[in-house]
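Asker: As a plain string of letters, each chain reads:
Number of protein chains: 2
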Amino acid sequence: MSITLSELGLRQKPSDITRLMAIAIERPDVLSLAAGFTDNDSLPLAEVRDIVNDISNEGPSGKATLQYGSNIGRSELRSILTSRIEAQDTLESGTLDEERMFISNGSQQSLYLAIQTLCNPGDCILVEQPTYFVFLEILEGLGVTPIGMPMDETGAVDVEGLKALLTEMNESGAIDRLKALYLVSYFANPTGHSISESTKMEIGSVLSRLERPIAVIEDAAYRELYFDSPHSARSCLAIETFVGIPTLYTSTLTKPYSSGLKVGYAYCTDDSWKESMLTVKGQQDFGTANFAQAIVERALSSGSFDRHLNELRGIYKRKMETLHEALNSELSELGWSWSVPHGALYLWLRSPNALQTDGDSRFHAACIENGVFYVPGDLCYPSERVQDRIRLSFGTLAVKEIEEAATRFSLAAKSMTQAVSR
Amino acid sequence: MSITLSELGLRQKPSDITRLMAIAIERPDVLSLAAGFTDNDSLPLAEVRDIVNDISNEGPSGKATLQYGSNIGRSELRSILTSRIEAQDTLESGTLDEERMFISNGSQQSLYLAIQTLCNPGDCILVEQPTYFVFLEILEGLGVTPIGMPMDETGAVDVEGLKALLTEMNESGAIDRLKALYLVSYFANPTGHSISESTKMEIGSVLSRLERPIAVIEDAAYRELYFDSPHSARSCLAIETFVGIPTLYTSTLTKPYSSGLKVGYAYCTDDSWKESMLTVKGQQDFGTANFAQAIVERALSSGSFDRHLNELRGIYKRKMETLHEALNSELSELGWSWSVPHGALYLWLRSPNALQTDGDSRFHAACIENGVFYVPGDLCYPSERVQDRIRLSFGTLAVKEIEEAATRFSLAAKSMTQAVSR
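One line per chain: the protein sequences are A and B, in this order. First residue of the first sequence? That's 1 in this note's numbering, and the numbers climb one at a time after it. First residue of the second sequence? That's 1 in this note's numbering, and the numbers climb one at a time after it.
Worth flagging that the hints you see were computed from the coordinates, not collected in a lab. Misleading hints may appear alongside valid ones.
If chains are identical, the list can't say which one is meant, so a pair holds when it fits in one copy or spans any two.
Simulated crosslink set (EDC-like; lysine to aspartate or glutamate; CA at most 20 Å straight-line) [said to hold, decoys possible]:
no., residue 1, residue 2
1, LYS13, GLU275
2, LYS13, ASP271
3, LYS13, GLU99
4, LYS13, ASP306
Turn these sequences into a full structure, and let the hints steer you where they fit.
Answerer: Pasting the structure below:
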């Protein structure tokens, strides 16, 4: 006997990541420039061990870290993170309210809760093109339609185009189903692009003139993972044109510290939306693992978090340069192009002559044949998928492996680019 | 400007737990027999510290515990847990398939995923009366209706009554919206009742004769938290009448080890249902925190988990006896009644003369006035809420505090019971 799943249950298709990971498991010889995993060697295991040893000497408050916590998350951790955003946004201390901050299972969970509580199936969300592909999977899983915003050639939202799109949606009535605008605003996955403060300001200004408000979801997962200096733009929480627009700011301690701890956080300026998300979170898990929260809380307050993060910035910069230089010497003359990012874990490549690079392409097969993996760029587009982009991640491979992976990738690229130009 | 939430978002009401916790925070002098928190003193912090120290000496595999894991959960942990169920159910090794086992954020998350993927809003689920009240909150949050099964005077499902109910639902057509039957089968929250193997067998037999299959969700959260010996019934995974019925078995390492680690697990006999749940889990969090999984995996494989659990059984038995004896000497002659449980963390009391004990009752107010909290029993009923039951938890208070809390509770009970009998 088999059962009939719910509409949501039936809507689920195995994710593209799962499919890629399955290939990875079958072919352990293949070097992965696909996974957004973080650097292994630098994971702060000694620091975490020391923190756990300290906790074990704390007495009752130490033991309490192994007890249930609260649904919203540890008060001290929320306070630290609220102050941290204030500092990054050059806001006066006390401008933000720690009761609007909650802790989640990575930033992923807060994105999921946001869409669950905002959107009915059939509703839609504005996204950049390209955008974070797992966010697109959340939308698909919840039956929500992503609508790509017009972008300019620098990779920024084309605000005039956005205005025109909203006018068009207003005339067609489609705007009634529009619930939010999603921005990946710092060293974006996959492009590395950061949104300028003036662009954000204009977006806020456009949204504040709408008859019916739509929410803003700002995904700042990589904000702290810059190579040399932070991106200068403040977050939407601090920009005046967003005052009155319900805004959710999400970020994570997972990428800049330890992905195995899976602690993210979110700040929401709309109380009824926040309460609704928290009630759902209570149903899903009663709160994120207290012990993991206690570890990052201590890492943040002792300064070991920031020492680690500083080290990590240098590591990722070196890895990025390794990949960039190895590819540059081989591929730039063949017409492959990319921008050099200033943070995060990715190079975003464009193939020459519109060479197709999607998961079913000959190029993708040639790469696997040569022993290297990538994320097909088409997965990062909401619709009319662009077929000539590639996301390469330099996060998890060691420097020597990056060099080898770049060689393998270049071999495939050279053979196929020649094939195309023939 | 405020936004319009989704149907799901609008459906959320602050949970009763949240309300109770808010009172608890305002009144720190109040002793809580309400929270289902676990024993603080015995939390295995030294063991966890030792495990983390061992992990820190493991080299690369140790570091990898701070890296992302897989969505389904650690392979070794799933293998250990699968074997553990086989041993508990006296199944031959290899009968169960670890690919059908997944790791979740406490057992709570797997219950949530199960309902998300099975039920549309308006669908319904059969539950025991009373049942786990947070499960009722999940249903409410997802717009699903709980339907109470007829129960006999021993607290067991009345199988003849269930048959009659299903016939009636079949005739009215209501059965088309029935998706699952939920059982809390071992030392149930709140009653402490365990379901006998013969009752399970009969339930399976009734369900297997339905025209259209409905799923079974077996919540075994307290199975290992017995005082003296395990409950003799095997799980639905091992009982022949459930063969062919899509069955989800959920349990947790949170209650028997560390609630602060929040690691639960689920075994699903229906592959398409399991895949759908896992895809949604991937959208929610990509997998439960790898580090927490690695800790419990090592605790299980080294035997430290079972040593701890054995100690815990003695601790909870002593706490239960303390509460039982303190109340018994004061209240039994006044007509208060309860069964002595053989496991878990709760006494389930019935007041005399139908004295009302719900959250708005004079009795509830009198208890808070006297400095003691309980969970009103009506929260544990799906409908036609029974108003004269109380859940008392002896999990988190120390033995001396339990004695004091029992004194305070008895004072309120004596004053109100006299008031009623006057």
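Asker: Run every hint past the structure and note whether it holds.
Answerer: Here is how each hint holds up against the structure:
1. Taking identical chains as interchangeable, the C-alpha atoms of LYS13 and GLU275 lie at most 20 Å apart only when they sit on different chains, with a minimum of 8 Å there against 30 Å within one chain.
2. Only between protomers do LYS13 and ASP271 lie at most 20 Å apart by alpha-carbon distance; the minimum there is 13 Å, versus 33 Å within a single protomer.
3. Taking identical chains as interchangeable, the C-alpha atoms of LYS13 and GLU99 lie at most 20 Å apart only when they sit on different chains, with a minimum of 18 Å there against 36 Å within one chain.
4. For the homomeric pair LYS13 and ASP306, neither the shortest alpha-carbon distance inside one copy (39 Å) nor that between copies (39 Å) is at most 20 Å.
Hint 4 alone, counting from the list given before, is not met by this structure.
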